[in-house]
Each structure stands twice: as C-alpha cells, then as structure tokens.
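**Student:** Using my numbering, you'd call the opening residue of the sequence shown number 1 and step up by one each time.
Do not take every clue at face value.
Label pairs and their computed distance ranges (CB to CB) [unchecked claim]:
hint	residue 1	residue 2	range
1	S96	L62	34 to 40 Å
2	G99	V173	24 to 30 Å
3	D324	G157	44 to 50 Å
As a list, the in silico EDC-like pairs of lysine to aspartate or glutamate whose alpha-carbon atoms are at most 16 Å apart [unchecked claim]:
hint	residue 1	residue 2
4	K180	D98
5	K180	E151
6	K180	E193
7	K180	E230
8	K180	E262
9	K180	D89
What the hints contain is simulated information worked out from the structure, not anything from laboratory work. A virtual CB, placed ideally from N, CA and C, is assigned to each residue, including glycine.
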Amino acid sequence: MRATAPAWLGAARPDALRVVALGGGHGLAATLGALRHVTRDVTAVVTVADDGGSSGRLRQELGVLPPGDLRMALAALCDESDWGHTWADVLQHRFSSDGPLDGHSVGNLLIVALWELLGDPVAGLDLIGQLLGSRGRVVPMAAVPLGIEAEVQLPNGPTDQPTVVRGQSRVAVTSGRVTKVRLTPEEPPACEEAVTSIMGADWVILGPGSWYTSVMPHLLVPGIARALHETSARIALTLNLSTQAGETDGFSAADHLRSLREYAPDLRVDVVIADPGAVEDLDDLSAAVSTVGGAMLLRQVSAGDGTPRHDTLRLAAAYRDAFDRFLSDVGERSR
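Work out the full structure: start from the sequences and follow the hints.
**Tutor:** Have a look at this one:
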C-alpha cells in the first residue's frame with residue numbers, strides 16, 4: 001500500500017510533472033512524441049528483449065543489451081531543432097549493402113561503441129541524449145539482455161498442450177494466441193536508474209505497444225514491478241488501437257486489462273486511455289477498468305487515416321486531460 005503523498009502535489013504546473021514511460025518500439029516512440037508536448041521531464045524505461053535484426057546480431061556477437069528500442073526512444077526525444085533532427089536521422093539511418101553492415105543502423109553501432117568505451121550502458125545513453133539535445137532521458141528496463149518465452153495456443157493445436165515459442169522476434173509474429181509469457185532469466189536485475197525514476201515520478205505511463213513483448217515484460221522484472229506497486233506516482237495505461245496479428249489476435253480492449261490483472265493483480269491503474277474507435281464493447285471495458293481501480297478516458301488518439309497509428313498531438317491532449325483531471329482531486333485518496 002502506498003502511503004506517501006504523490007510527488008506532484010508540489011508541482012507548480014502540469015508541464016513540470018515528472019513522467020516515466022514504459023515500453024519499447026513504435027508504441028513507446030508514440031508516447032514519447034506526445035509527452036514531449038506536455039512536460040519537460042520525461043524518462044523512457046525501455047524493454048531489452050529484442051533478439052532480431054541489427055539488435056539481435058549485435059547482442060549475439062558482443063553480448064550487449066539490444067540497442068534498437070533504446071535508439072528509437074532517443075530519436076523520439078530529440079531536440080526540435082535542425083541539429084536535433086539531423087542527429088535523429090543519423091541514429092535512424094540504416095545501411096543497405098551486400099556485406100556484413102547490411103541492416104545495421106548507425107545508432108545501434110554508435111550506442112554499442114559508447115558502451116564499450118564508457119563501460120556503462122546508462123552513461124552511454126545519456127551521452128547520446130546530450131548529442132541530440134534530448135528532451136528527456138532513456139534508460140534500459142533491466143541490467144542484462146532478456147529473452148522472452150511464450151506459451152502459445154496454436155489455431156489447430158491441442159488445447160491442453162500449448163506450444164512454447166522462444167525469442168521476442170518469434171513471439172511477436174506467432175500464428176497462435178499467447179496465453180502466458182515469461183522472461184529468461186526469470187528474475188533479472190532491474191536497471192537501478194529505471195527503478196529510481198519510477199519511484200520519483202509523478203506519473204507512469206504503460207503502453208501502447210506490442211502487449212506481450214513490449215508492455216508486459218516490465219511487470220516481469222521484480223525490481224520494476226515492485227517500484228510500480230510502491231511508487232506514489234499515478235499510473236496511466238494507454239490501450240492499443242488494434243490487435244497485433246498472432247500476439248493478441250481476438251483480444252478486446254477489456255481483454256488487455258484482464259491480462260494485466262493476471263500478471264499484476266494488485267497493481268492500481270488510475271487512468272485507462274482508449275480511443276472510442278478501438279473499443280468493441282464499452283460496458284465490458286468500463287467493468288474491466290473498474291477492476292484495476294481506475295477511471296476511463298475516451299479520446300480520439302488515432303491518426304484517423306484508417307491505420308492503427310497514434311496522432312502525436314491528439315495523444316498529447318489526452319495525456320494533458322488525464323494529468324489535469326487529477327490535479328483537482330489530489331487530496332481524495334491516500335496512495
């Protein structure tokens with residue numbers, strides 16, 4: 001039970017709030033792109049389980065944390081200047097060749113080079129953040145590279161014998177429905193800076209993103225899970241705009257919350273942000289939101305072009321609405 005007062009009781013303005021965003025890949029990048037319009041103090045806590053593409057090759061060859069999702073988060077927080085945008089483009093530039101550099105991004109190589117030179121993953125990411133003029137900080141979720149294993153119910157497979165799929169890149173494209181996910185090693189050490197940022201936050205944002213490979217893994221790192229339960233921060237969950245082929249096939253918006261309860265039954269979520277166009281059964285979602293103790297905030301956050309993409313400014317407005325709503329009732333409940 002959280003008994004301390006939220007840190008943001010003393011915050012003078014919403015744009016002074018300390019916000020931590022948890023996730024990975026394009027979902028986390030969307031959150032960060034929105035949050036930079038809302039507050040000046042953002043920390044991205046990034047999953048480190050990627051084992052495919054350039055990240056997977058560097059991880060296997062050098063034994064480092066997979067840098068890809070960390071790179072994307074840094075690029076999303078770049079300074080809104082020619083300098084920042086140029087360096088963000090450099091980070092994201094990917095080589096195309098017939099040789100061993102094919103598919104590698106400049107940013108992945110730069111991040112790993114700094115890790116080798118400095119011997120400290122967080123210090124290396126901070127240095128790149130300075131180069132970009134980043135409006136925020138990026139830290140890894142765990143101190144070691146992680147693996148993801150999922151139990152998957154295949155479309156025509158036996159119901160009592162789920163198939164085990166190993167590796168983030170394979171889980172993300174599985175043809176069956178994920179019923180359970182776990183990390184290897186099972187109890188990895190959390191990154192200390194990630195824990196510190198969550199404990200000192202005013203708000204923590206979960207999602208959007210690949211549910212079982214970007215969002216749920218944070219709840220499976222004991223140090224991160226413990227911080228989420230103990231922090232005085234408010235917690236917001238941003239629901240996805242669509243299901244992901246294989247990983248969440250057949251999931252409703254409410255199913256995501258029921259899944260969250262399976263992995264963190266005691267975690268209180270203060271606000272669930274959902275796009276009305278992505279909600280199949282409003283009553284079902286409302287009931288599911290009640291089980292996590294929160295309020296539902298329905299806002300159009302999609303780009304509105306028929307694709308499952310978040311609009312940066314609409315998502316920023318939704319976050320501002322969520323933050324502002326609680327500034328008026330900070331005394332109503334002890335955390």
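**Student:** Report the numbers of all earlier hints that the structure fails to satisfy, in ascending order.
**Tutor:** Per hint list: 1, 4, 6, 7, 9 violated.
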